[in-house]
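Enquirer: Residue strings, one per chain:
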Amino acid sequence: MTASLDVSGLAYAYPDGHQALFGVDFSVARGERVALLGPNGAGKTTLVLHLNGILTGGTGKVTVAGLPVDRRNMAEVRRRVGIVFQDPDDQLFMPTVREDVAFGPAAAGMKGTELEGCVDRALALVGMAEFKDRPPHHLSFGQRRRVAVATVLAMEPEILVLDEPSSNLDPASRRELADILRSLDVTVLMVTHDLPYALELCPRALILSDGVIAADGPTAGLLSDDELMRAHRLELPFGFDPRSVSASG
Amino acid sequence: MGAGHTHRLYRHGDSPVHGLPPHTKLAATFAFVIVVVSTPREAMWAFGLYALLLATVACAARIPAGFLLGRLLIEVPFVAFAVLMPFVAQGERVEVLGMSLSVNGLWGAWNVLAKGTLGVAASVLLASTTELRELLLGLQRLKLPPLLVQIASFMIRYGDVIADEMRRMRIARESRGFEARGVRHWGVLAKSAGALFIRSYERGERVHLAMVSRGYAGSMPVIDEVTASRAQWSYALALPCAALVICLLGWVL
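Line by line, the protein sequences are chains A and B. Last residue of the first sequence? That's 248 in numbering that gives the first Met the number 0, and every number before it is there in order. Last residue of the second sequence? That's 252 in numbering that gives the first Met the number 0, and every number before it is there in order.
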């Protein structure tokens with residue numbers, strides 16, 4: 000089976016000369032949930048923007064379900080890679096929740112009852128169906144984050160890429176989002192600083208540090224390796240011991 | 000649409016006027032205003048009839064007179080200068096209550112006041128029976144340049160977000176003991192405005208990124224198509240057509 004996502008030898012320097020990625024290699028199999036960990040400035044966002052071709056022009060190759068990310072496949076790649084950005088106010092730009100969720104499918108040419116059905120399904124997946132006609136700014140932060148996930152799910156992506164999904168969420172919203180993510184039958188790449196959240200949701204983790212993948216393995220194993228964690232400026236919250244928590248699948 | 004999302008001018012209801020497709024209402028209002036401003040100012044009775052027409056529409060839309068009149072106050076600062084015209088205009092003068100007023104100025108003031116009030120009343124009626132979102136769809140349907148519609152739509156979406164950001168910046172300023180009290184503090188306010196501009200600009204870039212990520216390629220996809228039947232069009236256009244008859248009579252009589 001082809002991998003959902005395959006990144007090989009990806010390097011990138013910003014136009015100002017700052018090199019953010021120095022040859023990144025990894026692969027995510029279909030249905031896997033993988034956490035991408037790394038300190039600030041490790042190049043996580045830069046990497047994410049390569050996954051759907053927003054940034055290109057470096058060396059290396061990204062393929063999504065066997066489809067190389069290049070100018071020719073751009074529309075299809077953007078449909079298959081669903082990125083949920085950190086600030087839901089950036090992601091939700093339409094006047095109502097319904098129109099926002101419909102944006103992606105409508106841009107791909109979907110219309111009428113098919114479009115309505117697609118919007119309803121996506122909102123039901125995140126438990127936000129009753130907020131369909133509400134404007135995004137009347138929702139709580141947690142609700143907005145869930146709608147942001149729905150906007151991407153509506154496009155039936157091959158892989159869901161979440162940028163700091165738990166940031167600014169209260170514990171209840173955080174758990175609700177985790178339940179939703181676990182219930183989805185989709186490949187997930189989760190970029191996060193929230194190590195317990197990564198452990199809770201993702202059996203496998205990657206550590207991106209100084210523009211390369213510094214470690215790749217079972218999340219519990221990586222988080223228990225004190226030396227590795229220290230070397231890449233990753234710290235667990237006070238009192239949290241990954242060895243005492245059994246990761247759920 | 001939009002439980003809860005109503006702008007202050009909108010008055011919820013399900014009258015026949017509320018039910019009309021937004022683009023027919025926009026076209027009717029625009030045509031009505033054009034007809035009103037082309038009426039000769041001397042035909043005072045015509046303006047009375049126009050007001051009667053609008054009152055009929057307000058009745059059909061079940062908009063209470065008090066609500067409508069309250070909203071009309073928005074006009075006051077704009078017509079204030081009309082009041083000055085009889086005093087400053089040149090030409091023949093008449094005595095009214097011991098004041099010497101210009102005849103031309105009086106006609107000018109009447110002209111501005113009558114036409115302005117009718118125009119504002121028509122717009123208030125449109126706004127109180129049509130949701131903002133629908134107005135945008137109507138403008139889109141009337142083939143207003145898509146870029147303008149998009150800008151207006153983003154303004155609605157992000158107005159509150161930016162106002163909130165502004166509020167947080169003010170709180171942050173005041174928490175550090177700053178209070179704008181005079182000209183000397185304008186510099187700080189100007190810097191805040193600059194910072195807000197840059198933040199909004201950067202947000203714009205992030206929003207664009209999110210749009211591109213979901214397949215945006217320069218034009219907004221059509222999600223809600225608004226259509227109007229012939230009956231709805233004729234119902235909406237009854238207002239400007241009736242006004243046109245009055246206008247023509249105004250020129251002839």
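Be a bit skeptical, because a hint or two may be false.
Claimed, not checked - Taking lysine-lysine pairs in the DSS-like style, the calculated list, with each CA pair at most 30 Å apart, reads:
1) B:142 x B:114
2) A:131 x B:114
3) A:131 x A:110
4) A:110 x B:142
Derived by calculation from the structure, the hints in this document are not laboratory data.
Enquirer: Give a verdict on every hint.
Expert: Quick rundown of the hints versus the structure:
no., hint, in the structure
1, B:142 x B:114, "holds (27 Å)"
2, A:131 x B:114, "violated (42 Å)"
3, A:131 x A:110, "holds (17 Å)"
4, A:110 x B:142, "holds (20 Å)"
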